[in-house]
Amino acid sequence: MKRTKAKRGSFGYIKNRKQHYLMKVVLLFLIALSIYLIGYYLNKRSNANVFTVIAMLFSLPGAKAIVAYILFAPCKTIEDNRYEHVYTVLTSNMDAPAAIDKVKADTILIENGCNLLTDVVFTSPDKVMNLDFLVITDHKIFGLMGRKKQELAYIQKYLGDGVKQRRYDYDVKIMAEEDKFLSAIKSVGIGLKNTDLTKESYLREREDLMDFLLSLVVK
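Per this note's numbering, the sequence shown runs over residues -19 to 199.
In short, the hints are calculated from the structure, not lab data. Be a bit skeptical, because a hint or two may be false.
[Claimed, not checked] DSSO-like, lysine-lysine: derived pairs with alpha carbons at most 27 angstroms apart: (1) K56 x K44; (2) K137 x K120; (3) K107 x K84; (4) K137 x K(-13); (5) K56 x K179; (6) K144 x K160; (7) K(-5) x K199; (8) K(-2) x K129; (9) K153 x K129; (10) K(-5) x K129; (11) K(-2) x K84; (12) K120 x K199; (13) K166 x K128; (14) K179 x K166; (15) K160 x K44; (16) K166 x K56; (17) K128 x K179; (18) K153 x K56; (19) K(-2) x K24; (20) K129 x K160; (21) K107 x K56; (22) K107 x K144; (23) K(-2) x K199; (24) K179 x K107; (25) K107 x K4; (26) K166 x K153; (27) K160 x K4; (28) K(-5) x K144; (29) K129 x K24; (30) K179 x K84; (31) K(-13) x K4; (32) K4 x K24; (33) K24 x K(-13); (34) K144 x K120; (35) K166 x K24.
[Stated by the list, open to error] Here are the computed distance ranges between Cβ atoms for each label pair: (36) A28 x D188: 52 to 62 angstroms; (37) K(-13) x V47: 41 to 51 angstroms; (38) R147 x Y20: 57 to 67 angstroms; (39) L13 x D75: 50 to 60 angstroms.
Yeah, the Cβ is synthetic: ideal placement off N, Cα and C, and Gly gets one too.
Given the sequences, and given the hints that come with them, work out the whole structure.
As structure tokens, then:
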């Protein structure tokens, strides 16, 4: 499958964010250092000048970028073969062709009433949480935990409470074992066959739910 530009919830998003924030940190640091050195030498090797103030101002967004990079650092982008396997399992009971690239795969799944998010990183006031996959289907949400040593029950409750607070009738199930996750999503296509995927209320609710879930993903 071809790689595509990463957006929130898409394949490669974590890797994209790591590269983005690392480059931002380096660039802002070099700019701040250059401004500081210019002022330092123009003012007879003195720090007491406006250039020092400007350099400090450039360091503020740099510090913010460092925090963002640290947030993503423990998480990893999923492998190509894992994405392809999840897609294959999801479509095993759907009238869907093999995906040529990930954009096409997302479109095929959506047309069949299913949404697949990957590289999911979101935060609560207490924790940073990471899911490799999040599958949204007919009134069910299945998630597979990403990095190790996370509290499964906490993640499930956090997402479940958020969904319920917005009055969405969806059950949230987060799993730590990939085999159990794959078994759970294998029946997705069967469950959707009796669902009117073109019904306006269904489409509106799904769109609102996706907007909510994506709003949780760290930018």
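Run the structure past the numbered hints and jot down the numbers of the failing ones, going up.
Structure breaks hints 3, 5, 15, 17, 19, 24, 27, 28, 29, 32, 33, 35, 37.
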